[in-house]
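Let chain A serve as the given structure and place chain B on it in line with the hints.
There are 2 protein chains.
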Amino acid sequence: MQVDIEWSKTEKAIAKLAFDKAYEREINALLGEVREKVSGTFTLQDMWNLHDYLSAKRHDIDGKYDYRYSVLIFVFAQLVREGWLSLNDLDGLDEKKLTRVIALVNM
Amino acid sequence: MQVDIEWSKTEKAIAKLAFDKAYEREINALLGEVREKVSGTFTLQDMWNLHDYLSAKRHDIDGKYDYRYSVLIFVFAQLVREGWLSLNDLDGLDEKKLTRVIALVNM
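Residue numbers (the numbering used here), protein chains in the order written: chain A, 133 to 239; chain B, 133 to 239.
Chain A extracted, bound-state conformation (with noise of 0.2 Å):
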């Protein structure tokens, strides 16, 4: 799926830092968990599953995080649907972008 529109200089630069600051929230979250995984009582079966856990979540994670303006639309609502963006972070990105970002997550 893809969406022809256009982003001016200062949406790209909203749009940057959003990303940015999900990618972050959410990687910050991830080396949380594993913190906590790890402390306490962490045997050789919650090791080979925190291992499949850290598998499915890089798959998740590279996949997920593509920058290209074609597909933003679709990652932002899958971020505000994962709770790692708010609408707020989009604020000043053009009314259009914002409906089709809401749409999307509501859908």
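To be clear, the hints were calculated from the coordinates, so they are not data collected in a lab. Nothing here was measured: the structure is a model prediction, and the numbers come from that model. Zero decoy hints are in this set.
No distinction is drawn between identical chains; accordingly, a pair holds when it is met within one copy or between any pair of copies.
Within a straight-line C-alpha distance of at most 27 Å, the following computed DSS-like cross-link-like pairs (lysine-lysine) qualify:
id: 1; residue 1: Lys229; residue 2: Lys141
id: 2; residue 1: Lys229; residue 2: Lys148
id: 3; residue 1: Lys144; residue 2: Lys196
id: 4; residue 1: Lys153; residue 2: Lys169
id: 5; residue 1: Lys153; residue 2: Lys228
id: 6; residue 1: Lys196; residue 2: Lys229
id: 7; residue 1: Lys189; residue 2: Lys148
id: 8; residue 1: Lys144; residue 2: Lys228
id: 9; residue 1: Lys148; residue 2: Lys196
id: 10; residue 1: Lys189; residue 2: Lys153
id: 11; residue 1: Lys228; residue 2: Lys196
id: 12; residue 1: Lys196; residue 2: Lys153
id: 13; residue 1: Lys153; residue 2: Lys141
id: 14; residue 1: Lys141; residue 2: Lys228
id: 15; residue 1: Lys196; residue 2: Lys141
id: 16; residue 1: Lys144; residue 2: Lys229
id: 17; residue 1: Lys229; residue 2: Lys153
id: 18; residue 1: Lys169; residue 2: Lys189
id: 19; residue 1: Lys228; residue 2: Lys148
Chain B in isolation, oriented as in the chain A frame:
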């Protein structure tokens, strides 16, 4: 590579004990390593490095701990070489087996 040799009941008991001991030592060392890597500064890159490391270790450990009597001499030799077993742990195996293990260790 296979070796067709007989294992007495006593030898089987000694072998199983040594095998389990090596496994426990290696796993405990690995759990300690993971805890160590995660403590202190633990960045995104550290996390993916840890993931790669666990992928390799899992593959290595799954392949190495093979409790078939036909390959056990080779398994023991590798475990001794890597320091997870000492020759003392194999005390009670017959002379021929021990000699083979030692020869493989020194290869």
